[in-house]
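**Student:** Please arrange chain B on chain A, whose structure you already have, making use of the hints.
Protein chains: 2
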Amino acid sequence: MEKRVVTIGILGVGNVGTGVARVFLDQAALLTERTGIEFRIKSALDVDWERERTVDLSGIQCTTDVDDILSDPEIDIVVETIGGEDPAFDYVMRALEKGKHVVTANKALVASRGRELFRKARESNVDLLFEASVGGGIPIVKGLREGLVANRILNIYGIVNGTSNYILTRMHQDGLEFGEALKEAQERGFAEADPTLDVSGGDAAHKLAILASIASSTVVDLDTIYTEGITNVSKLDVDFAKSFGYTVKLLAICKMGEGKMDLRVHPTLVPNSHLLASVSYELNAVFVEGDFVGKTMFYGPGAGERPTASAVASDIVDLAKDMELRSGERLSTLTIDPEARPEVLPVSQVENRFYLRLYTYDAPGILARISGILGNHSISISSVVQLERHVYDNYVPLVILTHRAREADMQKALAEITSLDVTLPDYLRLRLF
Amino acid sequence: MEKRVVTIGILGVGNVGTGVARVFLDQAALLTERTGIEFRIKSALDVDWERERTVDLSGIQCTTDVDDILSDPEIDIVVETIGGEDPAFDYVMRALEKGKHVVTANKALVASRGRELFRKARESNVDLLFEASVGGGIPIVKGLREGLVANRILNIYGIVNGTSNYILTRMHQDGLEFGEALKEAQERGFAEADPTLDVSGGDAAHKLAILASIASSTVVDLDTIYTEGITNVSKLDVDFAKSFGYTVKLLAICKMGEGKMDLRVHPTLVPNSHLLASVSYELNAVFVEGDFVGKTMFYGPGAGERPTASAVASDIVDLAKDMELRSGERLSTLTIDPEARPEVLPVSQVENRFYLRLYTYDAPGILARISGILGNHSISISSVVQLERHVYDNYVPLVILTHRAREADMQKALAEITSLDVTLPDYLRLRLF
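Chains as they are written, first to last, in the working numbering: chain A, 1 to 433; chain B, 1 to 433.
Treat the hints loosely; a few may be bogus.
Identical copies go unnamed one by one, so any copy, or any two together, can satisfy a pair.
Claimed, not checked - Straight-line C-alpha distance at most 30 Å; calculated BS3-like pairs for lysine-lysine:
no., residue 1, residue 2
1, K255, K295
2, K255, K98
3, K42, K183
4, K183, K295
5, K412, K260
6, K120, K260
7, K260, K295
8, K235, K412
9, K295, K242
10, K260, K183
If you're looking for bench data, these hints aren't it; they were derived computationally from the structure.
So here's chain A without its partners, still in its complex pose (with noise of 0.2 Å):
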């Protein structure tokens, strides 16, 4: 069989983009030998080429001008590592247009505009890979799209924001306050300077909803994901839920229900037993259970240059294979049907164990009225925790965790509790899982 040459175009050449371009310059002897395939980057788009890279561009064409990649009748297969919607959004749905593969690590992309780009690839007949864009190098979707092929996927849930995980590890192990761990992250680059769409929880709904179309084949939108992200968590949280025998975990929940699916990402108290407990600092894990497999986990690092660029080049092989087989479609992405929604489960309707940590005046009888509040409102305690400690004057933490209860009952109840006189305004309320 004659060696074919694949000819690959990148879109942008940050962190991510560097590192497939090294990946396919390290690795070009063993992708070839594993493949019969050569794999040639042939040229790049960024809009500064005077900053130092870390990897060797000679040989591809560097250039300011997306034109041209696009048009460039060569390249088989356009890699977008820009990030962000705009420009890639424009970008990736030209190349489409052109007939051109796509690979992408864009998580945000293919979350926010996951409908219109399906739709294109579907017209074009050509494919769009994204799995890069959820958990880095794990190979979480093929996982997911190929191997669990046989599955009704029944529930995923995992930690799929590595900065989230990366500072409740550090104040579940070391004590640090939300604001210290962040900004010791920051430092160690596990966060970046604005992180706000990591600890917002946003990150994390844009992995879940690429998760939960997969396994839907529908697309979920965004705005369906209820999302609290963790900024409100404090050290006394933390400490509270350790001492209870938990651990608190960033959390994106996608459960399949009878026709309805529930779309959550939320700080989870996980139970120190359960696996998801043990995954620490900026690693990723995420449990698949289906109808035939059971519980299946995938886990390891969900970012960084070289795990996502391992990620890239395994959606290059295999839509290399596929071309090899002389064929202009791969059949798997086009399952997700890009004209389909999921029915979502309103929040609201949600049951869950809740931990409620309140600030109440350290008086008689206190108790007796919260309690009495969540039992007008069908909610059971499971255990309480009042510790004598002043953190405002006369005020101290109490602590409920609750037996199963509606979202619905608990807003209700909360409402009335926060708004009580021997109540301050500072309460969080986090989820069991």
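**Tutor:** Frame of chain A, contents of chain B only:
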């Protein structure tokens, strides 16, 4: 596009074969929706059709003559779920020879006869897939071969035998002796009537051979894997390990090293902080470390009718998609060169930290003699515990943890120590992770 029908024949309708029939029956609509392909199980072979089965086989031609399947030109894919080497090997070879793709769940077959099978598949330009042979339903073979295709694999290590892990978990968590835990595992269906292959480490070695073959693109011969089982591990050892902060696990280990592979299966003291220490009961988990991705882990049920069927179905779907793309081959499997043999590091040259449990006569000066012998063989001690408990009259257990030492040196030291007149022949040497 016209809907393609892919026709399947099953060899062996025991536990796993029943699952395969079930998954294509239960998920027929789902699989067709996801792939555009209709999967049809046309015929099935078994020696016994009298036995009651829990799956509806009406519509499937049930035969006792293998040629009804092998010689049927309509059958595209043969699934081998007989298990063991004979007659599976003969049937699979004949199926490949007749130009049929083969999917097998049979680790003993692939590990013992892989070289001949891969050679035959190459000659016939068909594929032989075996996702279900390692880790049951966990998509580890696909993850390693496709998801991590751009990585040079550095290390693979994990828990790949559910029976041993179940036994060790019950010993660790509930203080059972090996024999009690084995009996319970048999009663609960986690161990076979003859558990030899599982508790001797043989089954784990099969799986390691397969994973190491994929990682190295060579065929790893079973007899190059140093294999020790768990039959000599006592509750006493599990308890000592626990007191040092370790959990005893049967690990399969492949370290690529420079040029030579280090291949071992043995009970290992895993630090409790390591994720593998938390993998309990019948579950499996495998770490795969690549030069780009870093450390990933795949976790889930390593056996059972439904998980195994999930993996077999995933292989069948991959083959069917390739057939849909009008290709006669899968490129991926053929990366294992049937003529290649890896260079294997002799176990005597491997370095490990060791756990030694001896029984020594309860008298002064003994520890000095033993540590003297270790010192003479360049083995230095990191911890020592001697209990006051007399297990055999006047003999007490003495446990030593060492720093890194060569296996050959430990072997020599142990020969000297156990021939002392103050030690009993009952001793155990384990390795630390």
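**Student:** Please list, smallest to largest, the hint numbers that this structure does not respect.
**Tutor:** 2, 3 and 10
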